[in-house]
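Model the full structure from these sequences, guided by the hints.
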Amino acid sequence: MKVTIRNLLLSHPLLKVFAVFCGYCFWLLLATNQITTRTFKVPLLFYNLGKQERIVGPEHVEITIKGQRQALHEVEKYIPSIHLDAATTTEVDKELSLAHGDILLPNNVNLINYNPVTIKVHKEKLDVIHEK
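For the record, in the sequence shown the residue sitting at position 91 is 77 according to my numbering, with numbers rising by one throughout.
For the record, the hints were derived by calculation from the structure and aren't laboratory data.
Yeah, the Cβ is synthetic: ideal placement off N, Cα and C, and Gly gets one too.
Be a bit skeptical, because a hint or two may be false.
Capping the alpha-carbon separation at 25 Å, the derived lysine-lysine pairs in PhoX-like fashion look like this [what the hints assert, rightly or not]:
(1) LYS(-12) <-> LYS37
(2) LYS27 <-> LYS63
(3) LYS37 <-> LYS109
(4) LYS109 <-> LYS27
(5) LYS63 <-> LYS80
Taking CB as the label site, the calculated pair distances span [claimed, not checked]:
(6) HIS69 <-> ASN94: 19 to 25 Å
(7) PRO44 <-> LEU112: 18 to 24 Å
(8) LYS106 <-> PHE7: 56 to 62 Å
(9) LYS111 <-> GLU62: 36 to 42 Å
(10) PHE12 <-> THR50: 25 to 31 Å
(11) LEU0 <-> GLY87: 53 to 59 Å
(12) SER83 <-> ILE21: 24 to 30 Å
(13) PRO44 <-> LEU16: 36 to 42 Å
Okay, here's the thing in structure tokens:
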């Protein structure tokens, strides 16, 4: 009698359970180490801004990052942002070029792209209303 894998699996229930378990472990191993890319909209935040000033410009930048699926889920939890120095801007339109160091990401996540690469911003003085 010829023994085939199909006959062997159909005749022994314990082998069926073992085969399902091995298949699940193999799937889990491949699924957790999968490298993926994601695109996020992250806010632009400015520091060194005077109390009577505000920055006029885009509020968000779209970034594309690449890394392991689990690491990208961690990035989703803390929502990264881009921090720029407001002291370098003036009341005239200024183009700021974004750099990889402007956004803080974990070491196991790579920044692939951001759009726009340059942003136009300028400062405006806020009108102060004095109450009597």
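Satisfaction of the hinted span 24 to 30 Å by the C-beta atoms belonging to SER83 and ILE21: 28 Å, holds
Is LYS63 within 25 Å of LYS80, Cα to Cα?
32 Å, violated
Status of the given 18 to 24 Å range, CB of LEU112 versus CB of PRO44: 20 Å, holds
Problem set entry | CB-CB spacing for THR50 and PHE12 relative to the 25 to 31 Å hint | 30 Å, holds
LYS111 paired with GLU62, Cβ distance criterion 36 to 42 Å: Holds, at about 37 Å.
Worksheet entry | Satisfaction of hint between LYS27 and LYS109, Cα-Cα up to 25 Å | 23 Å, holds
query = CA of LYS(-12) to CA of LYS37, is that 25 Å or under?
reply = With Cα atoms ~86 Å apart, LYS(-12) and LYS37 exceed 25 Å; violated.
**OP:** Look at the Cβ atoms of LYS106 and PHE7 and judge whether their distance stays inside 56 to 62 Å.
**Re:** 58 Å Cβ-Cβ, so the 56 to 62 Å window holds.
*Could you see if the CB distance from PRO44 to LEU16 stays within 36 to 42 Å?*
39 Å, holds
**Request:** For the pair we were handed, LYS27 and LYS63, check the Cα-Cα distance against 25 Å.
**Result:** 14 Å, holds
Pairwise hint evaluation, LYS109 against LYS37, where the allowed Cα distance is 25 Å at most: 12 Å, holds
query = Between HIS69 and ASN94, does the C-beta distance stay in 19 to 25 Å?
reply = 21 Å, holds
Consistency note: the structure conflicts with the earlier hints numbered 1 and 5.
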